[in-house]
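Chains as they are written, first to last, in my numbering: chain A, 1 to 284; chain B, 1 to 789.
In short, the hints are calculated from the structure, not lab data.
Treat the hints with care, as some may be off.
Pairwise CB distance ranges, derived in the manner of DEER restraints [claimed, not checked]:
#	chain 1	residue 1	chain 2	residue 2	range
1	B	A718	A	N45	27 to 33 Å
2	B	D156	A	A48	48 to 54 Å
3	B	S709	A	G138	33 to 39 Å
4	B	S709	A	R10	24 to 30 Å
5	B	E240	A	N45	55 to 61 Å
6	B	H682	A	N45	48 to 54 Å
7	A	E225	B	Q787	27 to 33 Å
8	A	V104	B	Q787	33 to 39 Å
9	B	D15	A	R19	33 to 39 Å
10	A	S12	B	K456	51 to 57 Å
11	B	H682	A	S229	47 to 53 Å
12	B	D132	A	S229	54 to 60 Å
All of these numbers come straight from a predicted model, not from anything done at the bench.
Virtual Cβ for every residue (Gly too), placed ideally from N, Cα, C.
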Amino acid sequence: MIPSSVDYTRASSVGEAIRLLAENPDAKLLAGGHSLIPAMKLRLNSPALLIDIARIAELRFIEDTENAIVIGAASTHADIITNQYLKGLTAMIEAGELIGDTQVRNMGTLGGSIAHADPSADWPAVLLALEAQIKVQGADGERIIPAAEFFTGFFSTALDSGEIVTEIHLPKAAVGSASAYRKFMQPASRFAIVGCAASVTVEGGVISAANVAFTGVSDAAFLDEGVASALIGKSATLENIEAAASAAAEGDMHINEDHFASQAYRKHLAKVYAKRALAGACGL
Amino acid sequence: MSNKFIGKSVKRIEDKRFITGKGRYTDDIVLPGMTYAYILRSPYAHARIRSIDYSAAEAMQGVVTIMTGEEVGHYGVPCGWQVNFKNGDIMKEPPHPLLVKDKVRHVGDAVAMVVAETRELAQDAAEAIIIDYEVLPAVTDASKAVLPGAPLVHDDVPNNICFDWEIGNPKAEVDEAMASAHHITSLDFVNQRLSPNAMEPRSYIGQYDNVYDKYTLYTSTQNPHLIRLLMCAFVLGLPEHKVRVVGPDVGGGFGSKIYHYTEEALVTLASKKIGRPVKWTETRSEAFQTDAHGRDHVTHAEMGFDAQGNIVGLRIKTFANLGAYLSTFGTAVPTYLHGTLLQGLYTTPKIHLDMTCVFTHTTAVDAYRGAGRPEATFLLERLVDLAALEMGVDPAELRLKNFIPAFDGVTQPGYQTNVALQYDSGNYHSVLERGLEMLGYENFRKEQAEAAKTNKILGVGFSTYIEACGIAPSAVVGSLGARAGLYEVGQVRVQPTGKISVFTGAHSHGQGHETTFAQVVADRLGIPMEDVDIIHGDSDTVAFGMGTYGSRSLAVGGSAIVKSLDKIIEKGAKIAAHKLECSADDIEFKDGKFTVKGTDKSLSFGDIALTAYVPHVYPANLEPGLDFSSFYDPTNFTYPFGCHIAVVEIDKETGFTRVKRFIAVDDVGNVINPMIVDGQIHGGLAQGIGQALFEGVEFDENGQITNGSYMDYTMPRADDLPMFELDRQVTPCPHNPLGVKGAGEAGCIGSTPAVVNAVIDALWSAGHKVKDVRMPMTPERVWKAMQPA
Numbered sequence: 001m002i003p004s005s006v007d008y009t010r011a012s013s014v015g016e017a018i019r020l021l022a023e024n025p026d027a028k029l030l031a032g033g034h035s036l037i038p039a040m041k042l043r044l045n046s047p048a049l050l051i052d053i054a055r056i057a058e059l060r061f062i063e064d065t066e067n068a069i070v071i072g073a074a075s076t077h078a079d080i081i082t083n084q085y086l087k088g089l090t091a092m093i094e095a096g097e098l099i100g101d102t103q104v105r106n107m108g109t110l111g112g113s114i115a116h117a118d119p120s121a122d123w124p125a126v127l128l129a130l131e132a133q134i135k136v137q138g139a140d141g142e143r144i145i146p147a148a149e150f151f152t153g154f155f156s157t158a159l160d161s162g163e164i165v166t167e168i169h170l171p172k173a174a175v176g177s178a179s180a181y182r183k184f185m186q187p188a189s190r191f192a193i194v195g196c197a198a199s200v201t202v203e204g205g206v207i208s209a210a211n212v213a214f215t216g217v218s219d220a221a222f223l224d225e226g227v228a229s230a231l232i233g234k235s236a237t238l239e240n241i242e243a244a245a246s247a248a249a250e251g252d253m254h255i256n257e258d259h260f261a262s263q264a265y266r267k268h269l270a271k272v273y274a275k276r277a278l279a280g281a282c283g284l
Numbered sequence: 001m002s003n004k005f006i007g008k009s010v011k012r013i014e015d016k017r018f019i020t021g022k023g024r025y026t027d028d029i030v031l032p033g034m035t036y037a038y039i040l041r042s043p044y045a046h047a048r049i050r051s052i053d054y055s056a057a058e059a060m061q062g063v064v065t066i067m068t069g070e071e072v073g074h075y076g077v078p079c080g081w082q083v084n085f086k087n088g089d090i091m092k093e094p095p096h097p098l099l100v101k102d103k104v105r106h107v108g109d110a111v112a113m114v115v116a117e118t119r120e121l122a123q124d125a126a127e128a129i130i131i132d133y134e135v136l137p138a139v140t141d142a143s144k145a146v147l148p149g150a151p152l153v154h155d156d157v158p159n160n161i162c163f164d165w166e167i168g169n170p171k172a173e174v175d176e177a178m179a180s181a182h183h184i185t186s187l188d189f190v191n192q193r194l195s196p197n198a199m200e201p202r203s204y205i206g207q208y209d210n211v212y213d214k215y216t217l218y219t220s221t222q223n224p225h226l227i228r229l230l231m232c233a234f235v236l237g238l239p240e241h242k243v244r245v246v247g248p249d250v251g252g253g254f255g256s257k258i259y260h261y262t263e264e265a266l267v268t269l270a271s272k273k274i275g276r277p278v279k280w281t282e283t284r285s286e287a288f289q290t291d292a293h294g295r296d297h298v299t300h301a302e303m304g305f306d307a308q309g310n311i312v313g314l315r316i317k318t319f320a321n322l323g324a325y326l327s328t329f330g331t332a333v334p335t336y337l338h339g340t341l342l343q344g345l346y347t348t349p350k351i352h353l354d355m356t357c358v359f360t361h362t363t364a365v366d367a368y369r370g371a372g373r374p375e376a377t378f379l380l381e382r383l384v385d386l387a388a389l390e391m392g393v394d395p396a397e398l399r400l401k402n403f404i405p406a407f408d409g410v411t412q413p414g415y416q417t418n419v420a421l422q423y424d425s426g427n428y429h430s431v432l433e434r435g436l437e438m439l440g441y442e443n444f445r446k447e448q449a450e451a452a453k454t455n456k457i458l459g460v461g462f463s464t465y466i467e468a469c470g471i472a473p474s475a476v477v478g479s480l481g482a483r484a485g486l487y488e489v490g491q492v493r494v495q496p497t498g499k500i501s502v503f504t505g506a507h508s509h510g511q512g513h514e515t516t517f518a519q520v521v522a523d524r525l526g527i528p529m530e531d532v533d534i535i536h537g538d539s540d541t542v543a544f545g546m547g548t549y550g551s552r553s554l555a556v557g558g559s560a561i562v563k564s565l566d567k568i569i570e571k572g573a574k575i576a577a578h579k580l581e582c583s584a585d586d587i588e589f590k591d592g593k594f595t596v597k598g599t600d601k602s603l604s605f606g607d608i609a610l611t612a613y614v615p616h617v618y619p620a621n622l623e624p625g626l627d628f629s630s631f632y633d634p635t636n637f638t639y640p641f642g643c644h645i646a647v648v649e650i651d652k653e654t655g656f657t658r659v660k661r662f663i664a665v666d667d668v669g670n671v672i673n674p675m676i677v678d679g680q681i682h683g684g685l686a687q688g689i690g691q692a693l694f695e696g697v698e699f700d701e702n703g704q705i706t707n708g709s710y711m712d713y714t715m716p717r718a719d720d721l722p723m724f725e726l727d728r729q730v731t732p733c734p735h736n737p738l739g740v741k742g743a744g745e746a747g748c749i750g751s752t753p754a755v756v757n758a759v760i761d762a763l764w765s766a767g768h769k770v771k772d773v774r775m776p777m778t779p780e781r782v783w784k785a786m787q788p789a
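Isolated chain A (complex conformation) (with noise of 0.2 Å):
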């Protein structure tokens, strides 16, 4: 539990960071050190500096723009659960208060907990179920990667080396939708078993759109186009609902074991919490 030795230096702003991480290759990004420092403490991870980027200032804010809530990389998980502009995003309230506990929710980042992309945490769900646009800076400028291009594999992101995440957009809610996220959580870590999030559109008692997103199933987050396409057209009842949810992690995908969960009971795992965040994003 003793990392090894490390240089540490605080960036004052992105462009700092970026210069700093091009100049030195072995660096890495600390954004809350949730995961980072747990393994540097059991050297599985011995970077040579640790740039600090979560105390940049113009990284941390939330903002309700026209079409979108902009949240700044370096918002902490506390930051948004209590933010006023955040409220009509339910899915994004439910999982925030479900990560860590209050320690972590004060030091850990959006940012930083999409960057490392763990294939167990909460937000990448509820990221690719609200449809987030992600915007990196490296340095070659900025562009914006939507969420479901961004989480590519097993800890394993779109960002090119010397990017660092800095918005993440969130478009608006429309009229009839509503989202919702739930997790079956991992007892020991709290990390999700299995984390679903939900965005449903209803038009007159019909579902016009939807997504469902998971986490801690597979490699990395997905979007699960079966279930949502299941559900497009009818009408939001808890039997619709639990028809479209037994389609879910099926088809040609990996499923993640480990000894809290066989693939067989996280499969069975994921259709019953797709149905628990559909049947919470429609209210029933």
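Use these hints to put chain B onto chain A, whose structure you have.
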């Protein structure tokens, strides 16, 4: 002001320093010139060491010394309890070297110790040591380690069997009773291995003083004197009077800090070698690998009943896992602390336990909160509840029918069991009846029937337990193979101003002795509690002691203090009689005053204390001073008992189990501080429920612990538990002066089977007639029990 403290929930004196972060633990101690040790451990469960290359590590700046198996491997730590084979042969006792030379036998086995200027440097240097291992196959399951062809942990221990052992009635008599049974309930189960998880990791500092030729060992231990004795007499051969062992504030033990660990001797040797203090503090990862684990039994058990539901026999075959090496009391736990409790609360006429204790390529197993008694309780209570389900009778009724009738141990004799022990006093029916009343049993069964139609099913589980605490009569344990006595020492020094320093051989590592013991002393002497200081944990200050474990501190350590208090009052009466010019027989001590009976002539306790040290007007032939030390050796174990009831709710869709209610009616004899006893029960319940639902060390086929961190090893947390519903019955212990029985382990002993029984009851209520769900009963395991086979 009344100075009556016994029975009052006095707030804990020690909490001020603990809550404000000012406790002083071993790792807080920094000595001048101190160096830091890191122990290089085996990453393999079983491997031969082909070669070790220290050269790069030795050359690193800041490395002070590297100790190896070549240098210290001839020293080893002993086992403290000899158990013989059934045929009388002595148990196999392979050496447990401080550092291994040739072969590692579990993940975490110690290969080398690097001492450096900082902890970080020591670890960096250890990582530069190159070891060439030849990895060998490993075995971690005791029931498999005995099979032909299983890899051997020690080459000279055939079939990995340390010893086999039996207790109870002759096997043939038990077989005959079982053959006559109307119904036999049989159960195969695993009482899984647990990691103790004390909040404070183990930490040791060795300090050698070449001026006085004296060693000091600071150690996170539950028993400093025992560590000194073992290290001096059995490990290093040091002169005991030249060794001081200090156990300062210790952050939890649960048994795991009873034992003499190799690292204690290593830092002691290293400090002599380099002439500087050496500190070693384990990491949490090391704690999972090297702190002695608990439980780990694989059992087949059968309980027979006659047509009326009376228990006629109990027959058990168990394999107990001892780990790779014998820990200090590892051999006693599955035998004398387990087999002797198989009578439980029942009149079972014929009992036989066949026990095989086995080496495996795993961390050593030893006493963990309850130590053998939880395993016995689990076995009995699972069988009784399951038998009730199988026979279609009420589990509470079945117990009441088979309970031993009440006896007080004073006007009625103790109860002689078929497994060696004689219970001191008990009233078993009433704790269960009180539990049923608190539960609202009839209503519950109605609720349960309704819930069985929904997705949230309910179950209730009972556990009526007994334990043997207050260990132990030295002659009894000696005859059973203990290599130590189990008395306790209590010294009461009255200072000239009437203030009291109490030196106890018991050791507090969370129990609140500084409060409870002070309550006893202040109450007996009729003085304020602030006038009493409880001193423990330093072999140079406290004359001797056997430490704290087995719920013994108050029953044995407290009794030693009471013996000294009696001597003080007796001597005080002589001094008072002289000053008041009467016979000592006419003096009565009450409310802090020595009074001539039937008069208002009296002297305060403070007056007498001062006179004892300023003996100007003083009885002839009486020594000055008021300072007594006593050894107390109990005449029997104490036998707390109680009734635990769990109500669980299971989510049928996921198998997720929530403990909705937990009722505990415990009888721990007289109670000095009800709040502290409740706290002990609460902690024990959390650990017992933790075993049922959450905890368990898991090994892969290579012998690696796959859940050796808090990211994967599930500790129970407050939000996993209901508000506990506690009540208490008091049946005083008839054989110690305080009438106390011990409360440290009760919660942990009774609660585990109550939760498992509740889950099984819920499953049966929904038509899933399974016998067992393996612990920890994770949601997946419970869910699987509800799926069509």
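Results for each hint:
no., hint, result
1, A718/B x N45/A: 27 to 33 Å, "holds, 31 Å"
2, D156/B x A48/A: 48 to 54 Å, "holds, 49 Å"
3, S709/B x G138/A: 33 to 39 Å, "holds, 34 Å"
4, S709/B x R10/A: 24 to 30 Å, "holds, 29 Å"
5, E240/B x N45/A: 55 to 61 Å, "violated, 47 Å"
6, H682/B x N45/A: 48 to 54 Å, "violated, 39 Å"
7, E225/A x Q787/B: 27 to 33 Å, "holds, 28 Å"
8, V104/A x Q787/B: 33 to 39 Å, "holds, 35 Å"
9, D15/B x R19/A: 33 to 39 Å, "violated, 51 Å"
10, S12/A x K456/B: 51 to 57 Å, "holds, 53 Å"
11, H682/B x S229/A: 47 to 53 Å, "holds, 51 Å"
12, D132/B x S229/A: 54 to 60 Å, "holds, 57 Å"
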